[in-house]
Amino acid sequence: MTAIVVASICAAFVACNSYKFYQNKDYSFYQPDFGLSDTSMLRTDGVYVLQEIWTSQRDTKRTVTAKEREIYKFYPAGQVNMVLDPEDTISRKGAYAAAFNNSIADQIAKKSRTLFQSYYRTEGDRLVVQRMNTPLARFNYTYFTVKKDTLIQVSSTIDGGGKIRDKYYTDYYKAYYIFVPVKDTFTAPNW
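The letter at position 137 of the sequence shown is residue 122 when you use this note's numbering, and the numbering goes up by one with no holes.
Keep in mind that the hints are not guaranteed to be accurate.
[Stated by the list, open to error] Taking lysine-lysine and the DSBU-like style, the derived pairs with C-alpha atoms no more than 30 angstroms apart in a straight line are: (1) Lys52 - Lys78; (2) Lys132 - Lys152; (3) Lys10 - Lys152; (4) Lys159 - Lys148; (5) Lys52 - Lys96; (6) Lys52 - Lys159; (7) Lys78 - Lys132; (8) Lys78 - Lys46; (9) Lys148 - Lys10; (10) Lys148 - Lys46; (11) Lys133 - Lys78; (12) Lys168 - Lys78; (13) Lys168 - Lys95; (14) Lys148 - Lys132; (15) Lys159 - Lys46; (16) Lys133 - Lys159; (17) Lys168 - Lys132; (18) Lys78 - Lys95; (19) Lys52 - Lys133; (20) Lys159 - Lys78; (21) Lys95 - Lys52; (22) Lys78 - Lys96; (23) Lys46 - Lys133; (24) Lys95 - Lys10; (25) Lys52 - Lys168; (26) Lys152 - Lys133.
[Unchecked claim] Have a look at the derived ranges for each label pair, beta carbon to beta carbon: (27) Gly145 - Ala94: 32 to 42 angstroms; (28) Pro61 - Ser13: 11 to 21 angstroms; (29) Asn87 - Gly109: 31 to 41 angstroms; (30) Lys95 - Thr48: 28 to 38 angstroms; (31) Lys78 - Ser13: 32 to 42 angstroms; (32) Ala90 - Tyr158: 29 to 39 angstroms; (33) Thr119 - Ile149: 23 to 33 angstroms.
For the record, the hints were derived by calculation from the structure and aren't laboratory data. We put the beta carbon where it would ideally sit given N, CA and C, even for glycine.
Working from the sequences, and respecting the hints, build out all of it.
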């Protein structure tokens, strides 16, 4: 009887604490033959670094603090990854490629996934990133406008299935990511 109780507790613990590792086929944005349009202003030869945030409540831009620093890397094959730079060491040292390459190497070694592995889709000057919110087991969609050497995040939601619609391109929040060219080689993501 004790063995059955212990086995039941162990099974419940494993079931509650296991996360599915999502594969590319789980993402509706995944396209094996993805190609970024030649006319797209999105650049894949560097990174986009969060610099400023504007909200309609304050009607002013504020520079982000280091603890808020987010850095996006868009890959030519449709993947996107993000790293956080709370101590501002990546930006200060210009070690962008190393940060993303180490993130991928770590997840390969641990046979896990990066926290922010995602796919993206573009349409004209609009871009949507599809990322899995693992605790909720739901996709999150982050909407951007692409300008020359700038990404402007305008909203994020779990609704809408990532469809590019005007209602997601709001005018009450804008996070400005500035493009930084990087000459170093980035490891191709394995997702």
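### Query
For the pair supplied as a hint, Lys10 and Lys152, is the alpha-carbon distance within the 30 angstroms limit?
28 angstroms, holds
### Given hint Lys10 paired with Lys95 - CA-CA distance at most 30 angstroms
It holds: about 21 angstroms lies between the C-alpha atoms, which stays within 30 angstroms.
### Query
Does the structure keep Lys95 and Lys52 at a Cα separation of 30 angstroms or less?
26 angstroms, holds
#### Entry: Given pair status - Lys78, Lys133, alpha carbons within 30 angstroms
24 angstroms, holds
### Pair hint outcome, Lys168 versus Lys95 [Cα-Cα no greater than 30 angstroms]
28 angstroms, holds
### Task
Would you check the hint for Lys133 and Lys159, treating anything up to 30 angstroms between C-alpha atoms as holding?
Given that 30 angstroms is the threshold and the Cα spacing comes to 16 angstroms, the pair holds.
### Query
Do the Cβ positions of Ala90 and Tyr158 conform to the proposed distance bound of 29 to 39 angstroms?
34 angstroms, holds
### Task
With a cut-off of 30 angstroms on the C-alpha distance, tell me whether Lys168 and Lys132 pass.
Distance ~21 angstroms between Lys168 and Lys132 Cα, so the pair holds.
### Task
Given the hint that Lys159 pairs with Lys78, test it: the Cα-Cα distance must not exceed 30 angstroms.
Distance ~27 angstroms between Lys159 and Lys78 Cα, so the pair holds.
### Task
Assess, step by step, whether the Cα of Lys52 is no farther than 30 angstroms from the Cα of Lys78, and give holds or violated.
Holds, at roughly 16 angstroms.
### Message
Looking only at beta-carbon atoms, does the pair Gly145, Ala94 fall within the given range of 32 to 42 angstroms?
### Response
36 angstroms, holds
### Query
How does the Cβ-Cβ distance of Pro61 and Ser13 compare with 11 to 21 angstroms: does it lie in that range?
20 angstroms, holds
Figure legend: structure checked against the earlier numbered hints; every hint is met.
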